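Chains U, V, S, R, P and B, in that order, are what the protein sequence lines are. Numbering follows my numbering, in which position 40 of the first sequence is assigned residue number 54; successive positions increment by one, without gaps. Numbering follows my numbering, in which position 107 of the second sequence is assigned residue number 121; successive positions increment by one, without gaps. Numbering follows my numbering, in which position 15 of the third sequence is assigned residue number 29; successive positions increment by one, without gaps. Numbering follows my numbering, in which position 103 of the fourth sequence is assigned residue number 117; successive positions increment by one, without gaps. Numbering follows my numbering, in which position 92 of the fifth sequence is assigned residue number 106; successive positions increment by one, without gaps. Numbering follows my numbering, in which position 15 of the sixth sequence is assigned residue number 29; successive positions increment by one, without gaps.
Keep in mind the hints are simulated off the structure, nothing from the lab. Keep in mind that a hint or two might mislead.
A pair counts as met if it fits within one copy or between any two copies, since identical chains are not told apart.
[As the list claims (entries may be wrong)] DSS-like cross-link-like pairs, simulated, lysine-lysine; straight-line CA separation at most 30 Å:
no., residue 1, residue 2
1, K104, K38
2, K22, K104
3, K38, K22
4, K104, K71
As the structure is a computational prediction, the values presented were derived from the model and not from experiment.
Protein chains: 6
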Amino acid sequence: MNQQMFDKGMSLRRDMFGADLADKTWASADDFNRPLEELVNSYCFGEIWARPGLDRKTRSMLTLSMLTGLNRPNQIRAHVRGAIANGVSKEEIKELFLQAAIYCGVPAAVDSFRIAREVFQEMGI
Amino acid sequence: MNQQMFDKGMSLRRDMFGADLADKTWASADDFNRPLEELVNSYCFGEIWARPGLDRKTRSMLTLSMLTGLNRPNQIRAHVRGAIANGVSKEEIKELFLQAAIYCGVPAAVDSFRIAREVFQEMGI
Amino acid sequence: MNQQMFDKGMSLRRDMFGADLADKTWASADDFNRPLEELVNSYCFGEIWARPGLDRKTRSMLTLSMLTGLNRPNQIRAHVRGAIANGVSKEEIKELFLQAAIYCGVPAAVDSFRIAREVFQEMGI
Amino acid sequence: MNQQMFDKGMSLRRDMFGADLADKTWASADDFNRPLEELVNSYCFGEIWARPGLDRKTRSMLTLSMLTGLNRPNQIRAHVRGAIANGVSKEEIKELFLQAAIYCGVPAAVDSFRIAREVFQEMGI
Amino acid sequence: MNQQMFDKGMSLRRDMFGADLADKTWASADDFNRPLEELVNSYCFGEIWARPGLDRKTRSMLTLSMLTGLNRPNQIRAHVRGAIANGVSKEEIKELFLQAAIYCGVPAAVDSFRIAREVFQEMGI
Amino acid sequence: MNQQMFDKGMSLRRDMFGADLADKTWASADDFNRPLEELVNSYCFGEIWARPGLDRKTRSMLTLSMLTGLNRPNQIRAHVRGAIANGVSKEEIKELFLQAAIYCGVPAAVDSFRIAREVFQEMGI
Numbered sequence: 015m016n017q018q019m020f021d022k023g024m025s026l027r028r029d030m031f032g033a034d035l036a037d038k039t040w041a042s043a044d045d046f047n048r049p050l051e052e053l054v055n056s057y058c059f060g061e062i063w064a065r066p067g068l069d070r071k072t073r074s075m076l077t078l079s080m081l082t083g084l085n086r087p088n089q090i091r092a093h094v095r096g097a098i099a100n101g102v103s104k105e106e107i108k109e110l111f112l113q114a115a116i117y118c119g120v121p122a123a124v125d126s127f128r129i130a131r132e133v134f135q136e137m138g139i
Numbered sequence: 015m016n017q018q019m020f021d022k023g024m025s026l027r028r029d030m031f032g033a034d035l036a037d038k039t040w041a042s043a044d045d046f047n048r049p050l051e052e053l054v055n056s057y058c059f060g061e062i063w064a065r066p067g068l069d070r071k072t073r074s075m076l077t078l079s080m081l082t083g084l085n086r087p088n089q090i091r092a093h094v095r096g097a098i099a100n101g102v103s104k105e106e107i108k109e110l111f112l113q114a115a116i117y118c119g120v121p122a123a124v125d126s127f128r129i130a131r132e133v134f135q136e137m138g139i
Numbered sequence: 015m016n017q018q019m020f021d022k023g024m025s026l027r028r029d030m031f032g033a034d035l036a037d038k039t040w041a042s043a044d045d046f047n048r049p050l051e052e053l054v055n056s057y058c059f060g061e062i063w064a065r066p067g068l069d070r071k072t073r074s075m076l077t078l079s080m081l082t083g084l085n086r087p088n089q090i091r092a093h094v095r096g097a098i099a100n101g102v103s104k105e106e107i108k109e110l111f112l113q114a115a116i117y118c119g120v121p122a123a124v125d126s127f128r129i130a131r132e133v134f135q136e137m138g139i
Numbered sequence: 015m016n017q018q019m020f021d022k023g024m025s026l027r028r029d030m031f032g033a034d035l036a037d038k039t040w041a042s043a044d045d046f047n048r049p050l051e052e053l054v055n056s057y058c059f060g061e062i063w064a065r066p067g068l069d070r071k072t073r074s075m076l077t078l079s080m081l082t083g084l085n086r087p088n089q090i091r092a093h094v095r096g097a098i099a100n101g102v103s104k105e106e107i108k109e110l111f112l113q114a115a116i117y118c119g120v121p122a123a124v125d126s127f128r129i130a131r132e133v134f135q136e137m138g139i
Numbered sequence: 015m016n017q018q019m020f021d022k023g024m025s026l027r028r029d030m031f032g033a034d035l036a037d038k039t040w041a042s043a044d045d046f047n048r049p050l051e052e053l054v055n056s057y058c059f060g061e062i063w064a065r066p067g068l069d070r071k072t073r074s075m076l077t078l079s080m081l082t083g084l085n086r087p088n089q090i091r092a093h094v095r096g097a098i099a100n101g102v103s104k105e106e107i108k109e110l111f112l113q114a115a116i117y118c119g120v121p122a123a124v125d126s127f128r129i130a131r132e133v134f135q136e137m138g139i
Numbered sequence: 015m016n017q018q019m020f021d022k023g024m025s026l027r028r029d030m031f032g033a034d035l036a037d038k039t040w041a042s043a044d045d046f047n048r049p050l051e052e053l054v055n056s057y058c059f060g061e062i063w064a065r066p067g068l069d070r071k072t073r074s075m076l077t078l079s080m081l082t083g084l085n086r087p088n089q090i091r092a093h094v095r096g097a098i099a100n101g102v103s104k105e106e107i108k109e110l111f112l113q114a115a116i117y118c119g120v121p122a123a124v125d126s127f128r129i130a131r132e133v134f135q136e137m138g139i
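Construct all of the structure, not just a fragment, from the sequences and the given hints.
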């Protein structure tokens, strides 16, 4: 594991999902899932998310698009929150999921809209 | 079918995929697939792509993200071309597909990179 | 939005999922998800479901087949109910999901059978 | 392997895909893929397709719906042909794939329409 | 249904998921889902799992790999338990899901790791 | 990019897919896809494939299982070859794809069997 990448990724994760949640997730990792958490921090966030070629806001929108196509509700939930933290507006999330109604099908859009509404309610926005 | 939406969608399709190809696709439609082409023009392009909430460039990037997650090589090929027409740079397509390596898996990224390279070669860019 | 298509779709949705649920879903829509609900009513139900080329019963069976392939449990739950309303028998749903065991794999069939059993129990049939 | 089921399945396959193709597929099986061909004949066709609960025409439509959701172009090609043999009309296949545009997304419908058109051309219908 | 295959499959299922659960699942089957349970016992477990060409431990690992790719959380939960019964170690499950992070994408790995941790906790291992 | 991981991954890739192909792939990378090739070498092969917790043969079998579930024919083709290089026998590949017939569905198994047969023919085995 590359410590510099890990730190860069950890910092980004704290910005996006909240320092409390990011720290708790890492602290509660055990021998079983610690390699995954290291991989997510150093590779996914440190290597890719931190690349300069696209800003975080755009990466959040791409990620929500992929996750809707991939049908991953738990990650959609987390990344709706991350998208808001990265400056994506509710209006833009709405447009993104309408676009998904065409490309991923109506059921995919229905699921993503429902999850986003629940997250907005939890966040009070 | 709503003629106004159809015309708006047709115009957008001509911008994105070239007037020749768009016109030829529509002209060659027969009784079997004409309802689909109408749907794609009026609903997909006229109703959704033409919404003001996101610009075309962003919609192209979201679409490529979804298509990579959905594993649809023919549409990826068409929409790489459409993305370039909508102002997405090669650099941005590269970043988008690297992001896909994380979320959709390495095989999805490998397939999308290969298709994009072939399209760039055809376009001479 | 085309009001005639919207009304036709809304009427169909009330038949399939119950007037109470259909009305409540529409009434509770807010600025965020109202465009989706309009799209579902006018495009999905008004334009496609209402086409004369296939009866509702057949469309319900096709829809359950697609949803099983697509792995969308929430929509399978709703459309098992809709299928019963459209005249699909429990026997036919059983055959459909056995066919899915071959084509979509055993896990897909297991998930769809379990959801259908829960719906039948809720409906008392 | 159950010989009775195998024979029942083989007979059904010959009806759907043509006796020549079905016989050639079986004759060309080697030690590597013979267990698969046995499985397909006895289990897929002999056990499930031959069940009395749904007629062949309906099973063909369900199968095309699942395959469109699952994104399996080679099998869609074969089963468009099988559907015609089982009495599904071109009109019904059109409606089925329009329904798929909603549930599986527009790219899935576009792919299935294109494959069906190619098959119809090959068959001269 | 082939009784010999059914019995062989039932015996294997009892070994993998516990005799209590396997017996209860079969006893609670009704007219609706009994054909599925017969199919799972005789075909899935009796015909395929019982083939001599691969040992149970390897089949468990392949199954968890497929289920992670297919995005089937309920079956992942059951087969993590089955894998432990078939001699797969926690270390090996960890490696398998790290491999999935590459091929199926990070969200697939995150989901499978979380499910496995919950199962290990339930099992007290 | 970590040079040590890159070298380790490159070496592994040469073993699995042939030195000629691995070297040619890397040499032909341009500014567009070089970051992907670096990622595949250093992360996918250097970090994960090279982990001691599972041998290469097992990793090849897991990978083919995932790719069959994910529906990625190009990668299945490459990894059938890689599996043979890693000591997986034709018999084991057959069993793996029969297992996939249950879990991923018959069409997935049919596609994987066909691809594997073509690879074996190319390799003269």
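Consistency of the hints with the structure:
1. Taking the closest pair of Cα atoms, K104 and K38 come within 30 Å of each other both inside a single copy (27 Å) and across two copies (23 Å).
2. Both within a single protomer and between protomers do K22 and K104 lie at most 30 Å apart by alpha-carbon distance, with minima of 27 Å and 26 Å respectively.
3. In this assembly of identical chains, the alpha carbons of K38 and K22 lie at most 30 Å apart only when taken from the same copy (17 Å versus 33 Å across copies).
4. In this assembly of identical chains, K104 and K71 lie within 30 Å of each other by CA distance both inside one copy and across copies; the values are 13 Å within and 19 Å between.
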